[in-house]
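Construct all of the structure, not just a fragment, from the sequences and the given hints.
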Amino acid sequence: MLAVLIVKLNTFEGVNMTEVYLDNSATTKCLPEVAALMTHILCEDYGNPSSMHRKGVEGEKYVRYAREVIAKCMKVQEKEILFTSGGTESDNIALIGGAFANSRAGRHIITTKIEHPAILQTCAYLEEQGFEVTYLPVDSTGVIRLKDLERAMTPHTILVSIMHTNNEIGAVQPIEQAGELIKRMNPRTLFHVDAVQGFGKFRIYPKRMNIDLMSVSAHKIHGPKGVGFLYINEKAKVRPIMFGGGQQKGMRSGTENVPGIAGMAKAIEELFVDFEPKINYLYGLKERFVKGVSSIEGIQINGPARRDGAPHVVSVSIEGIRSEVMLHALEDKGIYVSAGSACASNKPAISATLKAIGVEKQYLDSTLRFSFSVFTTEEEIDFTVKCMSELIPMLRRYTRH
Amino acid sequence: MYKSFLIKYAEIGVKGKNRYLFEDRLCEQIRYALTRCEGEFEVTKSQGRIYVNALSAFDFDETVENLKTVFGVTGICPVVSVEDEGFEKLCQDVVAYMDQVYPDKNITFKVEARRARKNYPKNSMEINCDIGEALLNAFPEIRVDVHKPDVLLRIEIREKINIYSVVIPGPGGLPIGTNGKGMLLLSGGIDSPVAGYMISKRGVKIDAVYFNAPPYTSDRAKQKVIDLARIVSKYSGPINLHIINFTDIQLYIYDKCPHDELTIIMRRYMMRIAEEIAKENGCLGLITGESIGQVASQTMQSLMATNDVCTMPVYRPLIGFDKQEIVEVSEKIDTYETSILPYEDCCTIFVAKHPVTKPNLNVIRIHERNLDEKIDELVKTALETDEVIEIKYQ
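Just so you know, the sequences run in chain order A and B.
Quick note: the first sequence uses my numbering, first residue 1, plus one each step.
Quick note: the second sequence uses my numbering, first residue 1, plus one each step.
Just so you know, these hints were derived from the structure itself, not from any lab.
For clarity, every value in this text was computed on a predicted model and none was experimentally measured.
We put the CB at the ideal spot given by N, CA and C, even for glycine.
Incorrect hints may appear among the rest.
Part of the chain B face toward chain A, derived, beta carbon under 7 angstroms [to be verified]:
| hint | residue |
| --- | --- |
| 1 | 214 |
| 2 | 215 |
| 3 | 216 |
| 4 | 218 |
| 5 | 252 |
| 6 | 363 |
Residues from chain B that face chain A, not an exhaustive set, calculated with beta carbons under 10 angstroms [claimed, not checked]:
| hint | residue |
| --- | --- |
| 7 | 58 |
| 8 | 62 |
| 9 | 65 |
| 10 | 217 |
| 11 | 250 |
| 12 | 251 |
| 13 | 254 |
| 14 | 343 |
| 15 | 344 |
For each label pair, taking beta carbons as the anchor points, the in silico distance ranges come out as [said to hold, decoys possible]:
| hint | chain 1 | residue 1 | chain 2 | residue 2 | range |
| --- | --- | --- | --- | --- | --- |
| 16 | B | 220 | A | 56 | 21 to 27 angstroms |
| 17 | A | 364 | B | 387 | 43 to 49 angstroms |
| 18 | B | 166 | A | 364 | 54 to 60 angstroms |
| 19 | A | 207 | B | 220 | 42 to 48 angstroms |
| 20 | B | 280 | A | 19 | 55 to 61 angstroms |
| 21 | A | 382 | B | 387 | 55 to 61 angstroms |
| 22 | A | 53 | B | 56 | 40 to 46 angstroms |
| 23 | A | 155 | B | 352 | 54 to 60 angstroms |
Okay, here's the thing in structure tokens:
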């Protein structure tokens, strides 16, 4: 096994070029201060919060600190934060735990066609378990129509799950209006928001937006992988889906991932320092990039291009070049991007989101996602645009028949 | 219960004066396979038999699994070895052995004794009869059948006495390294790893060459080929994998030649390059996973067109296999799961919608002349990109 690893390392040896990382929707680099705090906890303050001695109290302190930071930034109560292993687990608890806890009131669930697989696959499981799921369509910019939501609501609807920001095209949903509409039609329907891409890019206040459940992942916001949280409104009925030692009031058994949780809190603290300037900076990068690539022939920007969409995601279709080829050609220049969405792009399946917004057939397999972070520079954007305008005409000469 | 294995081999037995070479190689390969197992072993050759003796605690299943990867082995017999402490004691040991190995006694058996130590007080026939009697007395349901027994119980009288009856089939073939070396053209598909397996089964050591085409193929595709070579090396022994950057040649052919002939011309250059590397590395032939008619580039006409550029023999062990048969072998040797990972390889990226299926060799040769200006230079450059990775299964 080690031999294989060494082989892997060797193949990358000698590659010493500047890297331009434009795949921040897949994951982000961890902040050094986050990593430092985590190292300290792993090596020094490594106590188990459930232990009764001082070492355990030390560990518990970090979890409390994290609760405090996270609750404050969303203006919710500390007890409404549940730590999980990340976005997927949060989505699973919200949907499965929410559906089963409320199945006596009804068995109808509403979601959208452009959700992350963590939602769509969980819904497929719930359908097997006898729940009925309605999938809302979206318009050509990837946004749902409130009319469709209103029409889909029934007295038996127990749960509505809508993603805040789409991971592939950056479309942002009208969460506040949706929340209002849901509660007006049926105050008992739970409203879940998958905010994995939206958290840290927008100010999201669950109480103000009628959100009952909200999923967040740490590694998308310069925190560590393998940790996230689920906001659960204190009045929302949700059942645990994992059982064991009864940690986190029995909602999620298993020793708390203390370094991860503390690291996530640290990342969130940093996130909201100079928040507005950062977001403006991201929009600036996005506009610069869109303007740059728009001058290249045969290019199409999918989803919302301007300030309607997320500040950090741009989906670009390039006529006549398969995304995999374009991706590796950019990789060759040290530029890292995704084909469609990273979570779905390991298997070359056609993206459901791109299909749902009506991207034409010849573009479906020719779409790349560029996603930025506050560490992305204008020079990097310009370099990327330059590489693309050089590579595209060259690659177009060689196509499959 | 078991502390050793008797290794059976078939074809080596008829090799005349070279026999010891084959046997030594087999011992060597058995030792290589056993390095992957927990515990210490000793591999010995005595009186035309090979024994694997465990010198420490070991994992029976793991050891058998690994012995099953050694070409040349036709059977693996777990052996119970006992000291010679008189015939009475032997009978007791055999009864205990049968009781443990066959809990259900509703079976037929036959005893087959061999007396390598001729001073033993009973001869083979007497041993057969007396052990048989002891077993019949011990187990009322058991029956004798000398023609088609369920269990053939062997008793070998040597320095010690070996008792065995179970023969676990081995892969057969000949020990690696008894038949020279070949260069395998390894893609990421299902066929080529199987071809490598089949040829090394005949005792051939293999090296491999992979044609990489960045940016059209990815690092994952390359890693997949490394992983496949690693699985094959479980059987074939260490493999030197040569990775050649083929992109410029491919693009040049695309620019200069008719697109329906791309695959054929591309394969002709792959063969030429593979042959160069083969020669440099002391290989005596090329190995491919081709099978007649499987795809456009594997019709008789296409094979003739690609074969045309080779001066070395090209071995195509799968030539008469159906796809399903190849898949079965790949599942058996565990390459299938890796082979079907969906990464593009260089053979598929520019494939024409309607490639020629009956290429005319003369036409191909004429079109290939379009490449005269730069192709030698490109081939030379490609050969310089050769990255060699030594792959070992550990």
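Here is what the structure says about each hint:
1. 214: 6 angstroms, holds
2. 215: Holds. Min distance 3 angstroms.
3. 216: 5 angstroms, holds
4. 218: OK, holds: residue 218/B within 7 angstroms of chain A, min 5 angstroms.
5. 252: 10 angstroms, violated
6. 363: Given a least distance of 19 angstroms, the restraint on residue 363/B is violated.
7. 58: Not OK, violated: residue 58/B not within 10 angstroms of chain A, min 21 angstroms.
8. 62: 16 angstroms, violated
9. 65: 17 angstroms, violated
10. 217: Where the cut-off is 10 angstroms and the nearest Cβ of chain A is about 7 angstroms from residue 217/B, the hint holds.
11. 250: 8 angstroms, holds
12. 251: At about 6 angstroms, which falls below the 10 angstroms cut-off, the nearest Cβ of chain A leaves the hint on residue 251/B intact, so it holds.
13. 254: 5 angstroms, holds
14. 343: Holds: closest Cβ of chain A sits about 9 angstroms from residue 343/B, inside 10 angstroms.
15. 344: Holds, because the Cβ-Cβ distance from residue 344/B to chain A comes to roughly 7 angstroms (cut-off 10 angstroms).
16. 220/B - 56/A: 21 to 27 angstroms: Violated: the Cβ-Cβ distance is about 43 angstroms, outside 21 to 27 angstroms.
17. 364/A - 387/B: 43 to 49 angstroms: 35 angstroms Cβ-Cβ, so the 43 to 49 angstroms window is violated.
18. 166/B - 364/A: 54 to 60 angstroms: 57 angstroms, holds
19. 207/A - 220/B: 42 to 48 angstroms: The hint (42 to 48 angstroms, Cβ to Cβ) holds, given that residue 207/A and residue 220/B are roughly 45 angstroms apart.
20. 280/B - 19/A: 55 to 61 angstroms: 36 angstroms, violated
21. 382/A - 387/B: 55 to 61 angstroms: Given about 33 angstroms between the Cβ atoms, the range is violated.
22. 53/A - 56/B: 40 to 46 angstroms: For residue 53/A and residue 56/B the Cβ distance comes to about 42 angstroms; the hint holds.
23. 155/A - 352/B: 54 to 60 angstroms: At roughly 59 angstroms between Cβ atoms, residue 352/B and residue 155/A fall inside 54 to 60 angstroms, so the hint holds.
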